[in-house]
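J.: Given next are the chains, with one letter for each unit.
Protein chains: 2
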Amino acid sequence: MTDQENAFPQQNSRIAIENVTPEIDVGHFALKRTMGERVTVEADIFGDGHDVISAILKFRAAKSPDWQEMPMTFLLNDRWRGEFSVSEIGVHLYTIEAWIDHFQSWRRDLKKRLDAKQDVSVDLLVGAEMVEAAAKKAKGPDAEQLLAWAKILREKKTSPERALDPQMAGLMAGYPDRRIATVYTRELRVTVDPPLARFSAWYELFPRSLGAEGKHGTFKDCEAALPRIAEMGFDILYLPPIHPIGKSFRKGRNNNPKCQPGEPGSPWAIGSSEGGHKSIHPELGTIDDFRHLIEKARENKIELAMDIAFQCAPDHPYIKEHPKWFLKRPDGSIQYAENPPKKYEDIVPFNFECDDWRGLWQELKSVFEFWIEQGIRVFRVDNPHTKPFAFWEWCISGLKRKNPDLIFLSEAFTRPRVMYRLAKLGFTQSYNYFPWRNTKYELTEYFAEITRPPVSDFLRYNLWPNTPDILTQFLQSGGREAFMIRLILAATLGASYGIYGPAFELCENAPREPDSEEYLNSEKYEIRRWDLSAPQSLAGLIGRVNRIRRENPALQSDTGLRFHRTDNDQLLAYSKMTPDKSNLILVVMNLNPYYTHSGWIDLPLDEFEIDTHRTFQMHDLLTDTRFFWHGNRNYVELNPHRFPAHILRLRRYTRTEHDFDYFL
Amino acid sequence: MTDQENAFPQQNSRIAIENVTPEIDVGHFALKRTMGERVTVEADIFGDGHDVISAILKFRAAKSPDWQEMPMTFLLNDRWRGEFSVSEIGVHLYTIEAWIDHFQSWRRDLKKRLDAKQDVSVDLLVGAEMVEAAAKKAKGPDAEQLLAWAKILREKKTSPERALDPQMAGLMAGYPDRRIATVYTRELRVTVDPPLARFSAWYELFPRSLGAEGKHGTFKDCEAALPRIAEMGFDILYLPPIHPIGKSFRKGRNNNPKCQPGEPGSPWAIGSSEGGHKSIHPELGTIDDFRHLIEKARENKIELAMDIAFQCAPDHPYIKEHPKWFLKRPDGSIQYAENPPKKYEDIVPFNFECDDWRGLWQELKSVFEFWIEQGIRVFRVDNPHTKPFAFWEWCISGLKRKNPDLIFLSEAFTRPRVMYRLAKLGFTQSYNYFPWRNTKYELTEYFAEITRPPVSDFLRYNLWPNTPDILTQFLQSGGREAFMIRLILAATLGASYGIYGPAFELCENAPREPDSEEYLNSEKYEIRRWDLSAPQSLAGLIGRVNRIRRENPALQSDTGLRFHRTDNDQLLAYSKMTPDKSNLILVVMNLNPYYTHSGWIDLPLDEFEIDTHRTFQMHDLLTDTRFFWHGNRNYVELNPHRFPAHILRLRRYTRTEHDFDYFL
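Protein sequences appear in the order of chains A and B.
Number 239 in numbering that gives the first Met the number 0 belongs to position 240 of the first sequence; there are no gaps in the numbering.
Number 446 in numbering that gives the first Met the number 0 belongs to position 447 of the second sequence; there are no gaps in the numbering.
The set of hints was computed from the structure by calculation and includes no laboratory data.
Please note: incorrect hints may appear among the correct ones.
For identical chains, the list gives no copy identity; a pair is met inside one copy or between any two copies.
Here are the simulated EDC-like pairs of lysine to aspartate or glutamate, each with C-alpha atoms no more than 16 Å apart in a straight line [to be verified]:
1. 401 x 441
2. 341 x 118
3. 138 x 41
4. 342 x 118
5. 277 x 608
6. 277 x 368
Isolated chain A, as found in the complex (with noise of 0.2 Å):
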């Protein structure tokens, strides 16, 4: 509405688009998607009166100027539908123009007026006039057809079914009037993403952990586990934070607050007289050392994701260099972080409200530049709900408008707005409330929400049984099973999820104390040594999960989850397809670590393509197991001490030789 007395429009326009779908936040937000996919809108769209109208999705890549065109089709209730696919990485913009179309109005009025058998001859003329107004606007042959078509509804002995001809107005259809069309208020848009933010393995270990027998590890032996990393199947190799680790109140072996001569400290605790953010352990190696592990790694198809925690360790130069970027209390002292009554005097915030905040927001965008110049594409980023919703949206938004390749892994364990936002404001990926999802009602809840727009939209999440900080009662209690059954949802659930190893896969499951999610002995505090050759190792399992991930298109994406129904409440069964349905993964799993469950399955066999006539071959990947089902209730029998779950890939039947039947 205007405010001001009497001002027109600047448009005479008829047309209302309204409830366009996607959008974020009122267009403020970008929504998700990666190389190659496609991206839905909806709206609704109708004008006044009873005119026909053509409507259109525009959308062009960010960088350039020209838009692309696609008709958007009407569903029904005045709402329309339109797609476009995404084939470059970076910002793409997207938009809705609408008219009044006139020629076919008059082509769906005079249909019925010649139905009507009434006199039409005006009405030809009517249409002459619009033939001619778009010969004008057409060039070559099209001109000159319209021209021919226009003469002959001039002329009066024209049978007039001749002005309905298909093939006129398909042509017309090209040179629509749109002078007083309606462009929707807000260019959205839409931030395309490598593959790899849509499907990724990843793997999170502490380097210094890979030393031989009393030495701190080295990028060096980082380099050397790569091929054990790979044979695994992880596609980014997550280490925590690189930079030199602060040297007063460095704690000790699980978390004392006092540490022994000796002890290596939190890397989390960042910073000493060695250097800050912008430098690298000494004990690791050397930044030629780093690029050079970056390299590798990417021989062995694995990027390396970076820690990114911006705090400091009360030595970090950044104290002395830039006191004004920390709170001083009233006696002088400078605020360490605390989450009353707890202290945590080894680390110092940013005071994010200081008065040079730009000058602090500059310096830690420069962190991320500089690693990105050593080649790093991937960030893990630790806490980001401690900081500004804006310093993230203009650090993020800055570096990948350079950048647009880059991947942002939120690790904010927080509420769900804080969790949303951040996912909002830039964020790739994100960790979320999967390793306290356990129960049946539990993961088809919290996936319903997570799976469908709007959060689908913004949201990728990120699924982690296990990290340094977080060993679920579930683990603790559950045995190997317990391990099993987390690896094989987050690996199946999520087309990204990844563990923290070795710890994981040797199903290291002691906690520093009962009702504590800390590891005993954690390798946040200490260097640990793990024998990677124990029996109760996972590495197999993990290597044939990821393989079924990289042979299955279906486990790629997250848009095509759905959950089914099954009569035994320790049994949850869901699936994933793809759009054209070549690829579908059925996974079956015994919730329960400790007991044998069955029951039975429901499968919408119509939406599967399944032909109920016939039997189809269920295989589990897992076991290579062939299943023989039919009709849309199946039996399964999972026993979790040989394998709690089925990987089961639909093989439909396709045809019969000397009774010999083949399925696909």
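Starting from the known structure of chain A, arrange chain B on it as the hints suggest.
T.: Then chain B, alone, in the frame of chain A:
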């Protein structure tokens, strides 16, 4: 997100304000309220980190520059709520402001520290600094008290518990540090209308049918009818168009395209050599007669409503004076109204796509202005959905800026999106699908949609069982009982409703032809004589129902409507209750006009504040019968030939005296 490289946001804000409700179409449209009603505003408000947040709701009349403020309260899951009342007609604005409240955070943390028996000497100094800063903003005794308190905080011997003094915290709340506050992006609007916009009973009649036998009725005859209409309890008398009726292509009886000499024509074919939209049909009287009628109506507590139909008869003066406002066909003729193959040659539509659309808009707006000057405050607008949305938005907002008490009723029997858009852009009340909602399923589904946000925030429904264009099949076939059912539904489901009389109260139900909703011998095309003393007249019942509406505030608003379970699908039960619960009306309706139906009604006694251990009275205001009910399930039986409905007023048990129970 900024689009410029490295551009910092203007403000270093740490708070997000999202999902504000109510907010209609990104604040483009205004919320609707009437004087005295409340606006309850909710929002997700959250910041980074763990600091305490404070939030206020700001509101003001658009014409006043000063915001008023109300604190918002935290509900749960980052959701906040605040409320304000609107006590003045006209546009009001509201928005939200929130900030990190360092003083509240300090106080919360201090308490935790004290509980943990930590040394808080430095924390007390931190607090003292904040109190001193507040003292600088305060004046008089507040400033003195704060300074004294700061001094105490600075004294080493002070008991730390004194720092938690709630009285001081209350004082500090008056001087918050809002330097880095976040103000919500938009200022949202509320249109505050007069009470008549919320609660109104409309009566439509054709003045020309009020004359003595053989004579054309006049405004004087209308004046004579006022006492009867007031006696029936109506607030608004709505007249079909009162302008000169076109003579060329005038329609005859029963919509005959050829009219016989002396036939009066349809009042909706507006304009002749005698004048157009600013003139009065000579046979009705003069402009002075009309002004007199407006005054006389007001003496009877009745507002006169005019019908504004923006269309012209072929001999309307506009057509000669402004030929460019109409579409010319290639043969030189003016385009008449059509819905192919149907032709409406007595009507010429305006061409809103003409080059002089600004001139056309101005003239149409001046039609309203002309009649406003004569004293009209209520307009019924004919077919607004066949004129551009942008025109209505511009026209109504312009008119209401000068006359905020105007009421516009939208007659748009069209698709839901279009109906809703007209309500959003400024129409005060809306006709709707009520005439065709007959079964329990239809009624509950439809009213669930239109009585809940977001629809209820912008659309006020006005329920019409009949109009001169709508004689539903239910009325055609259900006899007098059907008219009673539809009357009581309209008058109790809707705080605003209307009837077209005397056809309605005389139960006129003959259609022009089978399967038609047109009246036989429709008053639209001829003058009718009505026998108001006919025995079937519902005038008495209508008067009683309107008296019940006036005496029971629960029926004067639509916000309290809710449906209740019955075990018989022919029985519909619903209640309306005032916010203070003092007035509660329960309607039980037998939807079947032919047979007696009985069943059990479930009521939520706790929400109704009925003592479950006591008998309560249900007082039928239609028949003055008092039923004694007990518990949450009670029996009802309704014989439509006696009375198809109860309009029950709840009377709760109050006290017993000498074994005699009182109910209020």
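J.: Quick one: which hint numbers does this structure break? Sort them smallest to largest.
T.: 1, 3, 5
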